[in-house]
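*Asks:* Could you put the whole structure together from the sequences, leaning on the hints where they help?
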Amino acid sequence: MKIRVATYNIHKGVSSVRGLPRVHALKQAIGLFEADVVFLQEVQGRHDRNAAQFGAASRGQQHWPVAAQ
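Following my numbering, the numbering of the sequence shown begins with 1 at its first residue and continues without gaps.
Don't read these hints as lab results, they were simulated from the structure.
Hints may contain errors.
Simulated pairs of lysine to any residue, SDA-like, Cα-Cα distance not exceeding 20 angstroms [stated by the list, open to error]:
(1) K12 with M1
(2) K2 with V37
(3) K2 with L26
(4) K12 with G31
(5) K27 with K2
(6) K2 with F33
(7) K27 with Y8
(8) K12 with Q44
(9) K27 with H11
(10) K27 with V5
(11) K12 with K2
(12) K27 with V43
(13) K27 with R4
(14) K27 with M1
(15) K2 with V14
(16) K2 with D36
(17) K2 with Q28
(18) K12 with K27
(19) K2 with E42
Listed next, with one range per pair, are the computed distances between beta-carbon atoms [said to hold, decoys possible]:
(20) H11 with G31: 11 to 21 angstroms
(21) M1 with P21: 29 to 39 angstroms
(22) F33 with K12: 17 to 27 angstroms
(23) M1 with V23: 25 to 35 angstroms
Even for Gly, the Cβ is constructed at its ideal location relative to N, Cα and C.
*Replies:* This is the structure in structure tokens:
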């Protein structure tokens, strides 16, 4: 059995040039990894709200952290 693991630093979900939100673009890019497990660095805010907003449960992502960093 193989498990594909990916790790990515999202830099708080904003662009480094203008500080504009880029969470939706990151979501699409991370989906291209086709990983079984994804570890994200520099995630901040309410994870449970983010999970609901970006449809984690609908994509089979049941183990989303509930505690903020």
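*Asks:* Hint by hint, say whether it matches the structure.
*Replies:* Now for the hints, and whether the structure bears them out:
1. K12 with M1: violated, 33 angstroms
2. K2 with V37: The hint holds at about 11 angstroms.
3. K2 with L26: Measuring from Cα to Cα gives roughly 25 angstroms; hence the hint is violated.
4. K12 with G31: holds, 18 angstroms
5. K27 with K2: violated, 23 angstroms
6. K2 with F33: Holds - the C-alpha atoms of F33 and K2 are around 15 angstroms apart, at most 20 angstroms.
7. K27 with Y8: Holds: K27 and Y8 sit about 11 angstroms apart, inside 20 angstroms.
8. K12 with Q44: With Cα atoms ~6 angstroms apart, K12 and Q44 stay inside 20 angstroms; holds.
9. K27 with H11: holds, 13 angstroms
10. K27 with V5: Holds, at roughly 16 angstroms.
11. K12 with K2: Between K12 and K2 the Cα gap is close to 30 angstroms, so the pair fails against 20 angstroms, i.e. violated.
12. K27 with V43: Distance of about 13 angstroms is within 20 angstroms: holds.
13. K27 with R4: holds, 17 angstroms
14. K27 with M1: The given pair, whose Cα atoms are some 26 angstroms apart, is violated under the 20 angstroms limit.
15. K2 with V14: Violated, at about 33 angstroms.
16. K2 with D36: Holds - the C-alpha atoms of D36 and K2 are around 9 angstroms apart, at most 20 angstroms.
17. K2 with Q28: Judged against 20 angstroms, a Cα distance of about 23 angstroms means the pair is violated.
18. K12 with K27: holds, 13 angstroms
19. K2 with E42: violated, 27 angstroms
20. H11 with G31: 11 to 21 angstroms: Holds, at about 18 angstroms.
21. M1 with P21: 29 to 39 angstroms: With Cβ atoms ~37 angstroms apart, the hint holds.
22. F33 with K12: 17 to 27 angstroms: Holds, at about 20 angstroms.
23. M1 with V23: 25 to 35 angstroms: Between M1 and V23, where Cβ atoms are some 32 angstroms apart, the hint holds.
In summary, the numbered hints that this structure violates are 1, 3, 5, 11, 14, 15, 17 and 19.
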